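S.K.: Here is what each chain is made of, one letter per residue.
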Amino acid sequence: MTTTILPRVNYLNVRHSVGSWLFTKDHKRIALLYLGVVTVAFFLGGIFAAGVRIELTTPEGDFVSADTYNRLFTMHGIAMVFFVLIPAVPAILGNFVLPLAIGAKDVAFPKINLLSWYVFVIGFLFTLAAMMFGGVDTGWTFYTPYSTSASNSNVMLTGIGVFITGFSSILTGLNFMVTIHRMRAPGMTWFRMPLFVWALYATSLVQILATPVIAITVGMLALERALGFGIFDPRLGGDPVLFQHLFWFYSHPAVYIMILPPMGVISEVIACFSRKPVFGYSFVAFSSLAIAVFGFLVWAHHLFVAGISPYSAMVFSFLSFAVAVPSAVKTFNWTATLYKGAIWWQAPMIWVFGFLGLFLVGGLTGLFLASLGLDVHLHDTYFVVAHFHYIMVGGAIMGYFAGLHYWWPKITGKMYSNSAATLAALLVFVGFNLTFFPQFILGYLGMPRRYHVYADEFQVLNVMSSAGASLLGIGYALIGSYLVYSIFRGKAAGANPWRATGLEWQTESPPIPENFVETPIVTEGAYEYVKRETKVA
Amino acid sequence: MPNGVAVHADPHGVADHAHAHHPALQHHFQTLEQQHEASTLGMWIFLVTEVMFFGGLLMAYLLYRVWYPTAWSEGSLELDIYLGGFNTVVLIGSSLTMAFGVRAAQTGEQKATVRWLLLTIALGLTFLVVKGFEYHHKYELNHIPGPNFHFEGPFASQVEIFLSLYFGLTGLHALHMIIGCVMMGVITWMAHKGRFSPEWYTPVELAGLYWHFVDIVWIFLFPLLYLVDRAHQLS
Amino acid sequence: MLSGIPLFPEQASTIAPQVDNLYFFITAVTAFFALLVVVFVTVFAIKYRDRTGEKVGEPIHGSIPLEIGWSIIPFLISMVIFAWATVVFFQIVRAPDQTLEIYSTGKRWMWRFQHIDGQSEINELHVPLGRPVKVTFTSEDVLHSLYFPAFRVKADAIPGRYSSVWFTPTKTGEFHLFCAEYCGTQHSGMIGKVVVMEPNDYQAWLSGGGGLTMAARGEQLFQQLGCVSCHLPDGAGRGPSLGGKFGEQQLLGNGSTVTVDDAYVRESILTPQMKLAAGYQPLMPTFQGLVNEEGVMSLIEYIKSLPPSGQTAAAAQAGAAPAAIEQGGSK
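Protein chains in written order, with this note's numbering: chain A, 6 to 542; chain B, 0 to 234; chain C, 697 to 1027.
Treat the hints with care, since some could be wrong.
Some chain C residues close to chain A (C-beta under 7 Å, calculated; not the full set) [said to hold, decoys possible]:
no.	residue
1	722
2	724
3	730
4	749
5	751
6	753
7	784
8	839
9	850
10	852
11	854
12	943
13	947
Over 10 Å on every C-beta distance to chain C, these chain A residues come out as not near it, computed from the model [as the list claims (entries may be wrong)]:
no.	residue
14	24
15	123
16	134
17	187
18	197
19	344
20	372
21	386
22	458
23	478
24	479
25	482
26	493
Please keep in mind that the hints were generated in silico from the structure rather than gathered at the bench. Here the structure is a predicted model, which means the values were calculated and not measured. Note that the Cβ used here is the ideal one computed from N, Cα and C, for glycine as well.
Okay, chain A solo, but in the shape it has when bound (with noise of 0.2 Å):
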């Protein structure tokens, strides 16, 4: 064992001036880049959402004007999708982790992940300039004709910057994928890597076959709002829906960008504390690869009622039962992981926990939305709100929590108080719940979604999803604030707090620039939790 004297120079301190973060190309830095501006998107799309959900709470469209209301939702959306939920965790806890959990020092190439954060930025840039002058509101999926000729709103500046934004993605999942396949350490094989490696591969694989196409579909947009191009035009002849086949042949799969890195996240976690490996290895890391694949046969379930083919939507809707199936397989293999496990009930666990309640409800209501008959009904209710909440916040969100709450003692070498964090994790679980379980009540009942002002029976259950909106905020708010105290007054975590395996726990918390004293050669599996433990026995 090497007892060498871990060097005191890490990361953080390495260099202090504002240009060596600016200017860096070390990953672990580039990841707290893109934490900073993800949190500030992730305030920003929450207070569009505390706007939305007091308007929700009277009938009447009394606290905001319309056009604000619609402005506050896309926002809402646009800050959430692309700037939260999309680099959430590939960008932060991907950069962080990857290059550790696989031994390199660095990602492929350092420069272009410093450039995809830089593209964000400018990207995220555009979208704010466009809210900060006059908003948007087309609804973030942008549908034509509406954003091509009726919007009167800032479509063009918002869509540049998801334009943009898009490239970033792009670039980091190009990163990664090279970095899989040819920065592994020594010894570190396809099957002994972590189950977060792979989901973050089969997340570059979507990334890199998806988001150009909406890069260029936003292009198109562009070019018929601006310069009178016609391609989607109806009044030339164009087709409206070939801008939603389009739309959803990236967004559906980048659906799958949002949720396989935190399925990534909860493998890791949940073997760690249940201190055993993550049960069927090879079908976990496979189901993701599925999920990949068949992410992009499904786009067109997003329109059954868009006047396509009954028989296409026939076909549409077996594959959309069809990409349930791996969704079920990690979750039962998850289940049977805890099975005989030694659980430490420690706080990214609680998340955990979460996750898969809130997981299980928002996978569960995707079957109602993939069977025909009943999505003709559900169609743009409250019900595929409160279903693509369940999967984006209870499960994407939750997810990024439990890994930000597992490696945070990594990232910055401190302890966050285990009752405040286990408190939030219960506080942002019961406030998520009542807030959009009511909402599958209110979509069944027919309430459309994008509603300034609706219906009166429609009132107590929007009055509930309003409370709980408020008791998640405080959730979200109460973590910020401990994770933020913990920098400043947390004890030291030292280089492995959970006893986890993982290269990334081998080396110093924080780690060293270069990653690792020396390259680590790895000698088996990913979760060799026994092993470990009876040695030092």
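Let chain A serve as the given structure and place chains B and C on it in line with the hints.
M.R.: Relative to chain A, chains B and C alone:
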């Protein structure tokens, strides 16, 4: 330290220190070979994203072509097949000079590399100039889609869609050409400064991959846009 | 207090109970699986809890039979749901042959409904109880979606295309009608009510309005726009005779055939060269901008009403046309 991972002194590290570090080797790679493989794979993946990028437009093209075959044929006949054909030859030629340039870099002939790369840039610029003339002609005829679009015939609206896609596709392609020319300029300058050697000429190779890709896109665009219904015209 | 919370929408069409049964079935299945997982997770988390963090779990790596089991069983169950849902779906999208036809156009931010007998209404739709009703509609500007929650049907209104929904109301009363596809500022104001009436009341309501029938209005347009000068009833004109063509197959100039339906007639009026009938010259100009969506719908109704050419065409024409002209003239 857990046993799962034995931490050894890295033999490669030692080996690397024994040799002098190649100046082009970046710190996070173990060997030049690893670096080269990573870069090449990265470029190939990038080209895949490019295929998807053009794919969105081509999808729209395909759909409308099936719906509006007559308009497609009418719109296509508006394009200048001679200029398009000339440009095709120019681009294929530039692919050839590019291939020679890569070959020269591989064998370490610095001057030849620079010469071939300059020729490639010249051909690329020729293409762009010709394209500019074509666009200008369209402008004079009011064939640019938008409020001033004018086209005689019953299918004017659908021809407008065709021309929108024509400008979208060729414009995007031209943008790639411009980026390619700038990139070639940088590579040429690097070659001129003697940065490349037979052991390391990855940037030349990658620029070559990109250039060939942009050519191939044109090889698809030319028949799809210019030759839709020419056989009909000949007969 | 909880009784004030609505949990379930009214069932007011023949399809609604079918959709609801499917909903209950999926709810039961998913609730079962959700509970199953929740129970397992809870039991394991408590039973195997280790407060120290020192112990390790049993090194179980997996089980192929279990993996196969929990892949195949959910798949099979989902296939049952798929099959059931698809059967219901085809009932929703396939209208029966005999329906009461109503036309509608959506535009920001209202729905206009046009009854064949001439009544038209805005943001309100009157329909008779117990009779299948088919609403054919399009949009004049952006996307909309016509949604009747109590009937469990909706479809998007897409500019340039016809969509339709059908339903058989089973309850009299007033029900919501929503726009479900976001369409801008007053999207949430693009709502209305559907009024289901006893058939007698409906008839009384219909006759209260007056005005021309859609077919008669279509005939007026047919004269005004000059269609009549080429589409002669006996087929001798520069355009084909339109009598009896609706619902039939039409041979096109390029050799393919097309069913003469709402969409084809609409397309032929607005972009006549697109699918030219075999044997005719491309002489017809476009009527884009000269006739609005409602006018096109009236023309469709008129063409539907024409008897097959040749067989007493003149007689039928003689009966219908003067009446229409009289009415038109009296305005």
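S.K.: Indicate, hint by hint, whether the structure satisfies it.
M.R.: The hints, checked one at a time:
1. 722: This interface hint holds because 6 Å falls under the 7 Å limit.
2. 724: Where the cut-off is 7 Å and the nearest Cβ of chain A is about 11 Å from residue 724 of chain C, the hint is violated.
3. 730: holds (5 Å)
4. 749: holds (4 Å)
5. 751: holds (4 Å)
6. 753: For residue 753 of chain C, the interface hint holds, since the closest Cβ of chain A sits about 3 Å away, which is under 7 Å.
7. 784: It holds, given that the least Cβ distance between residue 784 of chain C and chain A is near 3 Å, below 7 Å.
8. 839: Hint on residue 839 of chain C: holds, closest Cβ of chain A at ~6 Å, below 7 Å.
9. 850: holds (6 Å)
10. 852: With a minimum Cβ separation of about 5 Å from chain A (threshold 7 Å), the hint on residue 852 of chain C holds.
11. 854: holds (6 Å)
12. 943: violated (20 Å)
13. 947: violated (23 Å)
14. 24: At about 42 Å from chain C, residue 24 of chain A clears the 10 Å cut-off, so the statement holds.
15. 123: holds (33 Å)
16. 134: holds (22 Å)
17. 187: Label holds. Min Cβ-Cβ 28 Å, cutoff 10 Å.
18. 197: Residue 197 of chain A clear of chain C: closest Cβ-Cβ about 13 Å, beyond 10 Å.
19. 344: violated (6 Å)
20. 372: Residue 372 of chain A not clear of chain C: closest Cβ-Cβ about 6 Å, inside 10 Å.
21. 386: violated (7 Å)
22. 458: Not fine: 5 Å to the nearest Cβ puts residue 458 of chain A too close to chain C.
23. 478: Fine: 24 Å to the nearest Cβ keeps residue 478 of chain A off the interface.
24. 479: holds (24 Å)
25. 482: About 27 Å separates residue 482 of chain A from the closest Cβ of chain C, which puts it past 10 Å; holds.
26. 493: At about 26 Å from chain C, residue 493 of chain A clears the 10 Å cut-off, so the statement holds.
Hints 2, 12, 13, 19, 20, 21 and 22 from the earlier list are contradicted by this structure; the remaining hints agree with it.
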